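Heads up: the sequence shown begins at 34 in my numbering, then just goes up one per residue.
It should be emphasised that the hints constitute simulated quantities derived from the structure, not laboratory data.
Check each hint, because a few of them may be wrong.
Subject to a maximum C-alpha distance of 27 Å in a straight line, what follows is the list of computed DSSO-like cross-link-like pairs (lysine-lysine) [stated by the list, open to error]:
hint, residue 1, residue 2
1, K35, K156
2, K102, K73
3, K255, K153
4, K99, K255
5, K235, K82
6, K82, K156
7, K199, K224
8, K34, K102
9, K208, K233
10, K114, K39
11, K127, K82
12, K119, K255
13, K99, K208
14, K82, K199
15, K127, K114
16, K82, K153
Quick caveat: nothing in here was measured; it's all calculated off a predicted structure.
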Amino acid sequence: KKCYAKSVLDFAISPYMAADYEAETGILHIPLMNAVSVQKFSSQPESEKETHIFTYAGGLHLERWKALKEIEEILGEFNQKGHQFKLRIYTNLKNNPQVQYFDSATTEIFEAVPHEEIDKVLKEADVLVHTETQSPALMGFFRYSISTKIPEYMAANRPILFYGPKQMRLLQYLKEHEMAFTAENQKELRKCIEEIAANKDKAEGIRKNAYDYVIENHDLAKVQETFYLTICSILEGE
């Protein structure tokens with residue numbers, strides 16, 4: 034706290050954190066977003082496929098498995114009506130015993146892949162899933178969080194489905210820029226999945242918005258430039 038109080042400028046992980054912390058401390062804050070190599074992750078979506086794959090890559094901790102379970106149940110309901118949806122989860126099987134709660138009729142569980150290979154997993158998906166749970170105890174942990182996987186999802190050039198509490202700045206971030214199907218509760222989640230299945234134009238628009246935005250704001254070269262110019266501005270100020 035003493036070091037913080039003596040700083041003349043600080044970086045924050047999102048524009049919301051930057052604004053809130055600047056208002057609280059009076060110190061200038063610059064958002065420095067998670068960076069991603071868009072070129073590495075980008076690929077063209079495949080044409081019509083018989084099975085629509087929803088992919089989640091990450092841990093099941095912080096009660097995320099509960100939200101994924103709700104997604105699985107709604108996908109299962111659509112499958113009973115004739116759709117062919119699959120939920121694929123890539124996670125560390127040793128450290129996530131919650132995999133036992135998922136139904137193999139709808140969900141396929143895979144061992145997590147090394148991060149340098151995650152782009153291959155994302156390229157096989159039709160929809161990329163991220164989720165958090167409604168938990169007051171955990172809200173302080175991810176209130177401002179914009180997960181490192183979000184820019185990777187955006188760069189993968191696929192529609193994103195985010196299911197999480199409205200207090201999260203991430204949900205606000207995605208909604209403001211129309212970069213994902215977003216849901217705060219089961220009713221909204223069911224509507225999102227219905228739109229994914231039936232409204233190709235909306236899915237295409239969301240995909241394009243996210244892809245254009247990641248190029249402009251999260252690409253590695255852009256983030257490095259922001260960092261460099263910020264340091265230069267401080268030195269010139271001195």
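Checked hints:
no.	hint	in the structure
1	K35 x K156	violated (45 Å)
2	K102 x K73	violated (30 Å)
3	K255 x K153	holds (24 Å)
4	K99 x K255	violated (36 Å)
5	K235 x K82	holds (18 Å)
6	K82 x K156	holds (14 Å)
7	K199 x K224	holds (16 Å)
8	K34 x K102	violated (40 Å)
9	K208 x K233	holds (18 Å)
10	K114 x K39	violated (61 Å)
11	K127 x K82	violated (32 Å)
12	K119 x K255	violated (35 Å)
13	K99 x K208	holds (23 Å)
14	K82 x K199	violated (33 Å)
15	K127 x K114	violated (35 Å)
16	K82 x K153	holds (18 Å)
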